[in-house]
Amino acid sequence: MAARGLVAFADRESDGRPRLESSGGESICAVQCNVGIALDDAPFQQPGTLHVTSKRLIWISDADHHGYAVDFLSLSMHAISRDPEAYPLPCIYTQIETDEEFDYGDEAGDELSDHQDSANLSRVQEMRLVPSDPSVLDNLFKVLCDCALLNPDPVEEIEGEGDWFFNEEEVLAGAIGHSNGAKDHDVTGFSELHLDDEQFDDAEESEEEHPA
Amino acid sequence: MLFFSYFKELVGKEVTVELKNDLAIRGTLHSVDQYLNIKLENTRVVDQVKYPHMLSVKNCFIRGSVVRYVQLPPDGVDVEVLHDATRREARGG
Numbered sequence: 000m001a002a003r004g005l006v007a008f009a010d011r012e013s014d015g016r017p018r019l020e021s022s023g024g025e026s027i028c029a030v031q032c033n034v035g036i037a038l039d040d041a042p043f044q045q046p047g048t049l050h051v052t053s054k055r056l057i058w059i060s061d062a063d064h065h066g067y068a069v070d071f072l073s074l075s076m077h078a079i080s081r082d083p084e085a086y087p088l089p090c091i092y093t094q095i096e097t098d099e100e101f102d103y104g105d106e107a108g109d110e111l112s113d114h115q116d117s118a119n120l121s122r123v124q125e126m127r128l129v130p131s132d133p134s135v136l137d138n139l140f141k142v143l144c145d146c147a148l149l150n151p152d153p154v155e156e157i158e159g160e161g162d163w164f165f166n167e168e169e170v171l172a173g174a175i176g177h178s179n180g181a182k183d184h185d186v187t188g189f190s191e192l193h194l195d196d197e198q199f200d201d202a203e204e205s206e207e208e209h210p211a
Numbered sequence: 000m001l002f003f004s005y006f007k008e009l010v011g012k013e014v015t016v017e018l019k020n021d022l023a024i025r026g027t028l029h030s031v032d033q034y035l036n037i038k039l040e041n042t043r044v045v046d047q048v049k050y051p052h053m054l055s056v057k058n059c060f061i062r063g064s065v066v067r068y069v070q071l072p073p074d075g076v077d078v079e080v081l082h083d084a085t086r087r088e089a090r091g092g
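These protein sequence lines map, in sequence, to chains A and B.
The opening position of the first sequence corresponds to residue 0 in numbering that gives the first Met the number 0, with each subsequent residue numbered one higher.
The opening position of the second sequence corresponds to residue 0 in numbering that gives the first Met the number 0, with each subsequent residue numbered one higher.
By construction, these hints were calculated from the structure, which means they are not laboratory data.
Mixed in with the good hints, there may be bad ones.
What the hints assert, rightly or not - Okay, derived cross-link-like pairs now, DMTMM-like style, lysine to aspartate or glutamate, Cα gap no bigger than 20 Å in a straight line:
{"#": "1", "chain 1": "B", "residue 1": "K12", "chain 2": "B", "residue 2": "D32"}
{"#": "2", "chain 1": "B", "residue 1": "K12", "chain 2": "B", "residue 2": "E40"}
{"#": "3", "chain 1": "B", "residue 1": "K38", "chain 2": "A", "residue 2": "D152"}
{"#": "4", "chain 1": "A", "residue 1": "K54", "chain 2": "A", "residue 2": "E12"}
{"#": "5", "chain 1": "B", "residue 1": "K49", "chain 2": "B", "residue 2": "D21"}
{"#": "6", "chain 1": "B", "residue 1": "K19", "chain 2": "A", "residue 2": "D70"}
{"#": "7", "chain 1": "B", "residue 1": "K38", "chain 2": "A", "residue 2": "D145"}
{"#": "8", "chain 1": "B", "residue 1": "K57", "chain 2": "B", "residue 2": "E13"}
{"#": "9", "chain 1": "B", "residue 1": "K19", "chain 2": "A", "residue 2": "E12"}
{"#": "10", "chain 1": "A", "residue 1": "K141", "chain 2": "B", "residue 2": "D32"}
{"#": "11", "chain 1": "B", "residue 1": "K38", "chain 2": "A", "residue 2": "D82"}
{"#": "12", "chain 1": "A", "residue 1": "K141", "chain 2": "B", "residue 2": "E40"}
{"#": "13", "chain 1": "B", "residue 1": "K38", "chain 2": "A", "residue 2": "E12"}
{"#": "14", "chain 1": "B", "residue 1": "K7", "chain 2": "B", "residue 2": "D21"}
{"#": "15", "chain 1": "B", "residue 1": "K7", "chain 2": "B", "residue 2": "D32"}
Take the sequences, apply the hints, and build the full model.
As structure tokens, this is what we get:
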């Protein structure tokens, strides 16, 4: 599955909580109030509520309820940033894997507005989550680590990977036969070979036979 | 599991993790898990000129799937141990 990157999120229950995916067992792992958000170099946005689910991060503005969501599968890294030179406020810094990496095109200078179109959102590569109370950063970081673990990448079968041999029996008795498709036949005499047979010894050093 | 076991031995050592987006982050290896997700401490970006926005962060979690290379400390590479580990792996143990 390709990384989706950041998407707009507006699917709320009547009580204001985000509507979770009914299939796939998405559940809320943590909710943090009073969290601001900054996307790429755009200005810091008004506080909202961060919902960490077993699948993704969902941020919803307190004021006008616009929101963003990003799958853990799209989060390349996250870190605690406390260096004021890196960002004026302590925050969780995240990088988002996008489909069109580094394709800034001609719009590189566009300021992101409060209500970006989806094309702009999918290009967002950095997101900062800025809690008004910096003391929650450590716990938030831990929650993100834990939830990232719930979302391993789908296993891709790499071509040729199935040809590896995984146990001693295969390696010693069948490896050569297997790879030639002769599964049930012992390679002639293979198992009777003894690696300490003289025939495997190094050749005698001939120099020694010559007088110095 | 070979890489997992091997990287576990490197916990506490200084490594450089190069991401598929060319960002290289140097730091102390805090932990690694079965997916080769990597946690670094006391990190810094190797090429600060190229990535001025990515200044020092204290802790960092890097998703295993975005790692391209991990540069190891020379004293973290014990060829004998690696030989043994690969043999054990080949035997399925």
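Hints, verified against the model:
With a C-alpha separation of about 16 Å, the suggested pairing of K12(B) with D32(B) holds against the 20 Å cut-off. For the suggested pair K12(B) and E40(B), the alpha carbons sit about 10 Å apart, so the restraint of at most 20 Å is met. Between K38(B) and D152(A), the direct Cα distance comes to roughly 17 Å. Compliance with the 20 Å bound is thereby established for this hinted pair. A hinted pair counts as satisfied when its Cα atoms are at most 20 Å apart, and K54(A) with E12(A) qualifies at roughly 18 Å.
Restraint check for K49(B) and D21(B): the C-alpha separation of about 10 Å stays at or below 20 Å, so the hint holds. With a CA separation close to 19 Å, the supplied pair K19(B) and D70(A) stays within the 20 Å bound. Straight-line distance between C-alpha atoms of K38(B) and D145(A) comes to about 12 Å, which keeps the hinted pair within the 20 Å bound. Annotation: proposed proximity of K57(B) to E13(B) holds, straight-line Cα distance about 14 Å (limit 20 Å).
With a CA separation close to 38 Å, the supplied pair K19(B) and E12(A) exceeds the 20 Å bound. As the CA atoms of K141(A) and D32(B) are separated by approximately 14 Å, the hinted pair is consistent with the 20 Å bound. Distance restraint check for K38(B) and D82(A): the Cα-Cα separation of roughly 18 Å lies within the 20 Å cut-off, and the hinted pair is therefore satisfied. At most 20 Å may separate the alpha-carbon atoms for a hinted pair to count; K141(A) and E40(B) meet this at roughly 13 Å.
Between K38(B) and E12(A), the direct Cα distance comes to roughly 35 Å. Violation of the 20 Å bound is thereby established for this hinted pair. Of the pairs offered as hints, the one joining K7(B) and D21(B) is violated, with about 24 Å between alpha carbons and a cut-off of 20 Å exceeded. Among the hinted pairs, K7(B) with D32(B) is consistent with the structure: their alpha-carbon atoms are about 8 Å apart, no more than 20 Å.
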